[in-house]
Amino acid sequence: GAGVSQSPSNKVTEKGKDVELRCDPISGHTALYWYRQRLGQGLEFLIYFQGNSAPDKSGLPSDRFSAERTGESVSTLTIQRTQQEDSAVYLCASSQPGGGGTDTQYFGPGTRLTVL
Amino acid sequence: SQQGEEDPQALSIQEGENATMNCSYKTSINNLQWYRQNSGRGLVHLILIRSNEREKHSGRLRVTLDTSKKSSSLLITASRAADTASYFCATPLGGSNYKLTFGKGTLLTVNP
Chain A
1 GAGVSQSPSN KVTEKGKDVE LRCDPISGHT ALYWYRQRLG QGLEFLIYFQ GNSAPDKSGL
61 PSDRFSAERT GESVSTLTIQ RTQQEDSAVY LCASSQPGGG GTDTQYFGPG TRLTVL
Chain B
1 SQQGEEDPQA LSIQEGENAT MNCSYKTSIN NLQWYRQNSG RGLVHLILIR SNEREKHSGR
61 LRVTLDTSKK SSSLLITASR AADTASYFCA TPLGGSNYKL TFGKGTLLTV NP
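Respectively, the protein sequence lines represent chains A and B.
Residues 1 to 116 in our numbering are what the first sequence spells out, letter by letter.
Residues 1 to 112 in our numbering are what the second sequence spells out, letter by letter.
Just chain A, with the same shape it has in the complex (with noise of 0.2 Å):
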């Protein structure tokens, strides 16, 4: 079927304001993840969901920042009071696990998210 999508793929917002950041991962893939890009570097994991279990927060810079899960379908990524440093590109990824190792990981398009 269809990749990961994203939406918006660009999201300009004031500083102060709240955003909302959309991922819809490839159907059938019980496992998601959020990513952080900023400009030049490498990629930050922020957050993982698999099924049912309790997603693992560990790279969420701040509490600005949480994620939700429906299910095994679209995530939300909510940044609150946004910050100029919240400015960067936001990678979804989902992947079905198989057991045995590291999952391929299937990355959609990004949000580019620019704060003013």
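Since the hints were made in silico from the structure, they are not lab data.
Mixed in with the good hints, there may be bad ones.
To be verified - Partial list, derived from the structure: chain A residues whose beta carbon lies under 10 Å from chain B:
no., residue
1, A2
2, Q6
3, P8
4, G42
5, Q105
6, F107
Stated by the list, open to error - Cβ-to-Cβ under 8 Å is the rule here; a few derived chain A residues that face chain B:
no., residue
7, L39
8, G40
9, Q41
10, F45
11, Y48
12, F65
13, T104
14, G108
15, G110
By construction, the Cβ of each residue, glycine as well, lies at the ideal position given by its N, Cα and C atoms.
Following the hints, complete the assembly by docking chain B onto the known chain A.
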């Protein structure tokens, strides 16, 4: 924290030439992955090599892994303009099977 680091930061070659990128990492890993990111696009998984493998091929790609030196290399043979992209190595973070850490990447430019 960042685990892998790619070298060089940027590489410019002519179409048809081979391109070699290197990745060094700090702690023991059970696998290493390479990804490609075109300008304005998401990442695409290229290849995964496990710690018990020394070399792996996929089309024009050849990946090596030297666990004693904690390094990996990605070789792209007979490069094409469409290979122009940033290439990242990714390693498991903290022994996790799902948390990946990425380096800053190598920007490869293939000139027609």
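To see whether the hints hold, each was checked on the structure:
Look at A2(A): its Cβ only gets to about 13 Å from chain B, farther than 10 Å, so that hint breaks. Annotation: Q6(A) was flagged as interfacial toward chain B, and the flag holds, the nearest CB pair being 8 Å apart, inside 10 Å. Below 10 Å, beta-carbon pairs count as interface contacts, and P8(A) has none with chain B, the closest being about 14 Å; its hint is therefore violated. Because the beta carbon of G42(A) sits about 4 Å from the nearest beta carbon in chain B, less than 10 Å, this interface hint is met.
Because the smallest distance between the Cβ of Q105(A) and any Cβ of chain B comes to about 7 Å, under 10 Å, the interface hint for this residue holds. A hinted interface residue such as F107(A) counts as satisfied when its beta carbon comes closer than 10 Å to some beta carbon of chain B; here the least separation is about 4 Å, so the hint holds. Interface restraint check: L39(A) against chain B, minimum CB-CB distance 11 Å, threshold 8 Å, status violated. Taking 8 Å as the C-beta cut-off, the interface hint given for G40(A) holds, the closest approach to chain B being about 7 Å.
Given hint, Q41(A) at the interface with chain B, holds; its Cβ is 6 Å from that chain's nearest Cβ, closer than 8 Å. For F45(A), the interface hint holds, the least distance from its beta-carbon to any beta-carbon of chain B being 5 Å, beneath 8 Å. At a threshold of 8 Å, the smallest CB-CB gap from Y48(A) to chain B is about 6 Å, leaving the interface hint in force. Interface hint at F65(A): violated, since its Cβ lies 16 Å from the closest Cβ of chain B, which is beyond the 8 Å cut-off.
For T104(A), the shortest C-beta to C-beta distance to chain B is roughly 5 Å, which falls under 8 Å, so the interface hint holds. The beta carbon of G108(A) comes within 5 Å of a beta carbon in chain B, closer than 8 Å, and the hint placing it at the interface holds. With a least beta-carbon distance of about 5 Å to chain B, the hint placing G110(A) at the interface is held under the 8 Å criterion.
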